[in-house]
Structure formats: structure tokens, C-alpha cells
Amino acid sequence: MATRVDPELKKDLKKFGIEEWNECYHCGVCTAMCTHTDKDVTFPRKTIRFLQMGLKDRLISNVDPWLCYYCGSCSDQCPRNANPGERMMVLRRYLTTVYDWTGLSKKFYTSKTWEFFFLMFIAVMVATAFLIFLPLSGEVFTNPELFINAQGGVKLNHLIDGVAPDQFVRIIEIFDWSMAAVVAGLLISNIVRMFYFVVLRDKTIKVPFYAYFTELWHLVWHFATQARFSKCEDRNYWLGHWLLMSGYTIMFIMIVVALPQFQIEEIKEWYHWQRLLGYYATFGILFFLIYVTIKRINREDVKSKYTHSSDWLFIIMLGLTVLTGILTHVFRIYGWPATTYVMYLLHLIVLIPMILVEVPFSKWSHLAYRPFAVYFDQLKQYKV
Amino acid sequence: MREEIRIGVYICWCGNNIAKMVDVEAVSKEMQKLPDVVISRTYKYMCSDPGQDLIITDIKEQRLNRVVVAACSPRIHESTFRKTLSSAGLNPYLFQMANIREQVSWVHSSREEATLKAVSLVQGAVERVKWHEPLEKRTVEVNPATLIIGGGISGISAALEIADAGKQVYLVEKQENMGGKVACIDLTYPHLYSGQQLIHSKIDQTRSHSNIDVFQNSEVKKISGYIGNFEAEVARNGQEDIELIFGNIIVATGLKTIDAAKVENYQYGKLTDVFTSFELEEMFLKGKVAKKDGGIPKNVVIIHCVGSRNTNYHEYCSRTCCMTALKYANQLRSALPDSNIYQVYSDMRAIGKACEELYTSTAGRDVMFLSFDQQDGMPQLRKADPEDDCEMLVEMDEKLSGETIEIPADMVVLMVGMEGHDEARELGRMTGLSLCGNEFYIEKHPKLDPVATTTDGVYVVGSCQSPKDIPDSISQAKAAVARILATINVGSVEVEVTTAVVNEEACCGCQTCVKVCPYTAISFDEEKKISVVNEILCKGCGTCGSTCPNGAIRSRHFTDKQILSQIEGLMSIHKPE
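Quick note, the sequences are listed as chains X and Z, same order.
According to my numbering, the residues represented by the first sequence are 17 to 400, in order.
According to my numbering, the residues represented by the second sequence are 66 to 642, in order.
Note that these hints are calculated values from the structure, not bench results.
Fair warning: there could be bad hints in the mix.
Claimed, not checked - If you want the ones that stay clear, here's a sample from chain X, every Cβ over 12 Å from chain Z, calculated:
| no. | residue |
| --- | --- |
| 1 | THR63 |
| 2 | ILE310 |
| 3 | THR355 |
Unchecked claim - Okay, the calculated bits of chain X under chain Z, using three or more residues with CB under 8 Å as the criterion:
| no. | segment |
| --- | --- |
| 4 | 28-40 |
| 5 | 69-76 |
Yeah, the Cβ is synthetic: ideal placement off N, Cα and C, and Gly gets one too.
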């Protein structure tokens, strides 16, 4: 069955960052350069060809963009300046919008206005709800010493007017879990769609039932280690990215699963596991964030040259989250109750919109798509 | 009583080229033993000045009257050594060359056997040269007028150049109007200049030039004569015979497009909106690109190599279609900004100045490039179904992706290949030109002499030699003009003397030789009932001599005696058991 070529696809892809697509004349230098090239030696050239021909179906059922970590070697060596690395990046943005059934992802990627107003809307909702339902106790100004614990720091969970400390932690915990459920629900439904496009709809493969389980370790292994990323020539990126990823995971566990152990009134010694883990997570995220920010500003390597507005937004939001988190922690230790409350609120105002936009709909969704792509790619080896 | 034969034999080392595989000293010693060989020497480079001086001195001191040089191919240095003989006062035809480089040292790996073969070849030359006769070069006067056949861009360019030099030109154009293929096109590649402006100013200059007589709607009916002295009969408007006398001929008859219907998979003539590239040119000239029903096409598919580079049609590349197709993409993008343009190509050939740049800039104008394989991926065209949302579908195996794809099409443009005219063979016969197997004329040498032909005084320029673009055609036209003006300037030309001679007494008038002569150099004398060789046209190929049942034709410098002696010389060497 012949597939119809579609020149219109280019118009769609323009908004994701593709200006031109005919430079490539398929010499295959990219394939020769790439450490991920496998037996059929079509990576990443074949994907670029699908793009040029507007073969939308082929692109959608193709996981190759997720299997590229954009080291930039191909783009560096390309004799036509066709920039295959950046093409793969653009396709990851595009595929994210294809998997997403709500249509929000496409709105966010293709319209800065939409994304900005959505973020603002969530931020205002968070601020309003917090100020109405969890207002700052007036006694903070009349009797500030009531809010200071034995270590001289702020009793964080006492700051709310009319809400008991246990109750406050409980409210936040319930909110965390509900938000995690919403985000996970969206993400999982998108992964199901990805599974449909990539595996189910592919008539050239027939996956035996047992393979879904025997190949599952790829998913877990690659999620935890990003082993494929480590095969790229420049391993610094992998290491930095892994620091960020591990820091983020630890932080996620602490604020969702272990909130009662994390958000406590007492300030532990600096070497307590709870503080050490927090510091590690903060360091991990911050380190890589600063690293890529410098790279993107200097625009020295290919990978950092073409920063899409969605990339900047991600860096800014994550940076602000970390910054407000650190300040909350500092103000708490110094025993400034009102400032701590304000900073805590600001932290949520940045964090919650970021999670809601980035994880299911935007750049951050790759945390799921990449390991699933490796898993699906394994399943695609079961040819009919 | 024959004169005393005194032969000098010279064996060249060619540096190490010959000497490393052939024992040149041994060959020399063997030659010394032969009767009539007065002297036999070896030297490092026979063709060098000291090498030639060696021969000259020997000719004078040893009173040599025959010379044999064993060295490289005679194609390379025969003329060199003939001149050496001349400068020593010896007739240059009293010389024979043996090729012991290309035929011996370069192709053998046993020194012993190579040496033996060299001895054999040189001995053959020695036996042959004994029977050589002195021959005298002759010259003929050159008529300063030139006949140009074909009034396309090549013919016109040549005509203007000659006429501007003050010489007479007769330009014969078969069509109603001059201009050829260039007059049929709107814009030229790669700079998108107007072809019309380009050609029409040239046509006007040609018409009004006092040194050019233009015969439009005319055909050359007969050509006779030889370099410097040709005569032709030209029929104008199919009747009135004009007789012309001239010294040189430029053949600039161009080419034609192949019949697109022959390439059946494209359904030309069956599907309404399949056009040839020249039909699209017509649309551009008229200023409106539209389907047959007048509608604007949404999807335009341009298919390359229609009848070219495919062993079922023509194996060669038609040279100009790739760039013309890119030019169309540019024109279509401007004429139909909302259309989808597809280039279905086999290989993109962007040779020539500014052509790669044209490819790059066109690629940036929303054009989709799809590649097919000539052997097993030829595009197939069919009418689309109503739900397809287009008129036709082009289905093909896309080479770079390995996918079977279909392309929606509302208009298909076939980049038809180029081929020689049907009359090329007939005109070739009249002018003494050969075809290369593709109805294109053969030039004298594919690299070193691309404008002259094997018939002296006849030049091929432009696309009748092979498909060409405008600059190449004009370059070739002007190159031919330079050659012609040079002969006109000298006023006379040297002609070959190694020609055939008819023994009038032995000729029985069977005319076998007349039929076989590839240069139309033999005519039949009705009065004497014998064949007559035009020694100017004759190239001395020997075809007539070998065909003549009576042995009445003798080829000068290739007499039976000479050839048989050479063979005897070759065969008298025996490999030691």
C-alpha cells in the first residue's frame, strides 16, 4: 500500500522550529557519525527523509527521535548544514503534541501567548486558593516568637490561620497526590496513544504476549540510568542530566510520598538524611540547570544553538522553583515567619503551573516518552 | 633496379617505461643482424631533442634512407619522427614505427617474452619499411565562404562570428524561422534570463548582416567536393534550387525531443493533464499555466529522465533537463504560489556554472524532491479516484526512503529526453559524418578535437553532436569558427596522401568500392566505366582496397607488399624451445 506524500506537513512543523527541510541529500554522514546507528544504518537519516517527504504516518509510528539525545555530532559534520540533530529535536516537540489527546500540548508549543496565559491562570488560581483557604496567621506580626522553634527557625506548619499543623501537612499532601494523579493520568493516556501509533498500528510487527514482559526491563533500566544517553560521545551531558534527573526524583519522592517526614516543624542537624537528600536534590537540579543555561547563552555547540521558546520557559520555571525553594529554606532557618510564608507561596505559584504544563504537555514529558520509546523499539523488533 | 636500402633502427627506453620490461640492448643487437640494417641503437628518450639529433646525424653520416623507431604508440610520436626525417632531408614516409610500450612493456610481465615480442614487432617494421615509397603532401586552395546548416543558437552564433570577420556565410535553416530550440523556451537556466530576448536579437543581427545569406524553409539536397572546395544544392520552399560554393561546412542541426508517448508508464496522450516540458514552455510563453480545462493545478509533478538514462529508451543523459526542471519549479512557484511542486528525479545533475546554486536555491522554495530508480522504481501514473482529491496519482518506490509512495497530481510535466533528428543519418551521409550510435554526430576526437570531424572541412557544433546547454553550444560554435577562420587565413590546407589509387586497367567497373566507401570519396566515371577516387576526401582507410575483387585498388602506404612483408617479418621470429 502506497503512502501519500504530504507537502502540507511542513507548514505544521514550521511552528515547532523547522524552517527548511531540503538541505539533506542523504549522503549518510550523520549515520556514520552517530554512536546510536544500528544494523540497518538508517538512523537518523531515515527520519529526516520521512520529514522531507511529509510522510506523517511514518513519522508518528517512528520512535527514532526519542532515541536521539542530541549530542550534535551529526549536525557538526553534515556537509549540507542540514542539522539533523535539531530536526530530531523539533520532531520530539511535534511528537509530544501528536501523542497528546487534549490538544493543549500543540497550543503550548505553537503559541507563546497560550502557554503564558495558561501558566498565569494556574498561578493566579494557586495564589487565590492559598490566600483564601490557607491565610497567614495574624499573630505572626503580634507574637512572632510563637512561630519560632527550639532551633530558632520558623515553625512552617503553624503559619496558617485556623489550621492545625498536622492538618496543614495533610492538606498539602492530599493536594500533592491529587496533582500527581492528574498529571500521571494525562501522561499515561498519552503513552497509551503513543503505544497505539508506534506498536499497535504497525502492521509489519507482531509482538508475542510474553515479549511485553520480557522486554519490560528496558523501560525500567533506561528510566533509571539513561544508559542509551551514556553512549553518546560527550558523556558530560549524560552525567549532568542524570544528576538533574536523580535530584528531581528524590525531590518528587520527598514532597509527594514522604511529605510528613520532610515538611516538619523541627529543623534537623545539617547532616540529617532528610536535609542531605534535600541538598543533593537541589544541587543536582541546580548544577545541570546552570550548565545548560550557560551553554544556551553562549550558543557554542550545536545542541545549545537553537533554543526554542519552550526550552527557555522550562529553564526559567525550573530555575525559579529551585530559587524560591532555597529561599524558603533559608528564611525558615533564619526565623523569618512572614517572609517564609510568602516565599513558600511563591514556590507553589511557580511549581504547580510548571508541573501542570511541562510534565504532561511539554518538554518534561520526555521523562516518560524516552524510556517508553526504548521499550517500544524493542517490541518493534518482533517483525511479522 | 631498386636503390640500395640502408635502414637505421632506434630502440627507445622511454625512461624506465620500456627498458624495465624489454631488454632494449638485446633487441638492438638482434636488429643489427638483419640484412639492410646499417645501424641499430638504443636511447633513453628517442623523442627528446638529443634523441632526434641522433637520428638526423645518422641519416647524414650513414646515408640512411629508411628509419625504424621502436617506442610508444604512433598516435603519440609518429608525426614527431616524420618531421625528424624531413629535417634530415629524407621523405617522411620512409619511416615506420613499432609500438613496444603500449603493446609490449606496459602489458606484459615476463621480461624474456616481452623482449621476444619486441624483437618480432621491430623486425616486422624493418621488413615493411624496405618497401616504403616517398609520398608528397599536397595542398588545396580554400574558398573563404562557409555553409552553416541549422539556424539555432549554435548556427547563428557561428554565422555572426564568421560574418563579423568579414567572410561570407550561407545559413540554411529547414524551418520557417530561425531560432531553433531556444526560440521555444521562455526563460533560460540558471539565471532565468529571457530566452526570447537572447535569441531574437541574434536572429535580427543575422538577418541584417551583409555577409550572411539566410535561406529559411530550405534544405541542403546535395553536397560534393572536399575541404576548401565544396559545392551544394539547396532547395528553398521545396523547389527552387540554389547552388552554393564554399570552403567549409558547419553542421548545427540540433536535436529533437523524444516522443513522450513511447514511455508508456506516463500515459502521455492518454491522461489529459500530462504535458511535455516543451508544452509547459509554451504555457509560460503564453503567460498562463493551466490544465486542459483551464483550471489551476494544485499539485504539479515534474518527472525527470523521460526517455533518458534508461536502456529501454536512451542510455545517455540529455544533459539539460535537470536544470530546466528546477527552472520550472521556480517559475511555477511564482506563477502558482499555492501549488505543491514535486520533482521526481533519478539523479540530480547540477553540472555547469551556477547550476548547483540553482539547485540549492530551488530546494528552498517549497519543492519536494523524490527519487526513483531507473531499473526497478519507475514511477507509474494512473487516474485518481474521486475520493483521492486530485486528478492523477503517481506511484513509485522512493529510493532514499525505501517507501512505496503515491504523489497526488493535477498536472504532470514530463522532462522529455533529447535525441538526434531522423534526418541526421541522411545529412551525415551527404557531409561525410558518422553517427555515434545515438543519431548524434561523432567528433574527430572526444577530448582533443571535439569540433572537427573525420571529414576535413566539416565541423559539428551544438546539440547535433550531443545534448548541450546554450553556453556549451556557443562555445563549440565559436571554437569551430576559429578553426575555419584559421584555414581561410592560411588560404590553403594540407591533405592526406596515404590515399587509395585505382589501377584503371584492372578496374572492371563493378562499383563495389563506391558502395563501401565510408567517406563518399569514390565516384563512378560513366564514360570510362571505372571508379575514381577523390584523393582529397579519401582517408586511406583501405576498405575499398580490401573489397575490390580484382585487386584494382591500391592504398598508398598500405600496399599489399608492405603489409605482407611486415607480417613475414613478425612471423620469422621463433620462440626458443
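Hint by hint, here is what the structure shows:
1. THR63: violated (10 Å)
2. ILE310: holds (33 Å)
3. THR355: The claim stands: THR355/X keeps its Cβ more than 12 Å from every Cβ of chain Z (closest is about 56 Å).
4. 28-40: With 3 residues in contact (Cβ-Cβ under 8 Å with chain Z), the coverage given for the segment 28-40 of chain X holds.
5. 69-76: With 4 residues closer than 8 Å to chain Z, the segment 69-76 of chain X meets the three-residue bar; holds.
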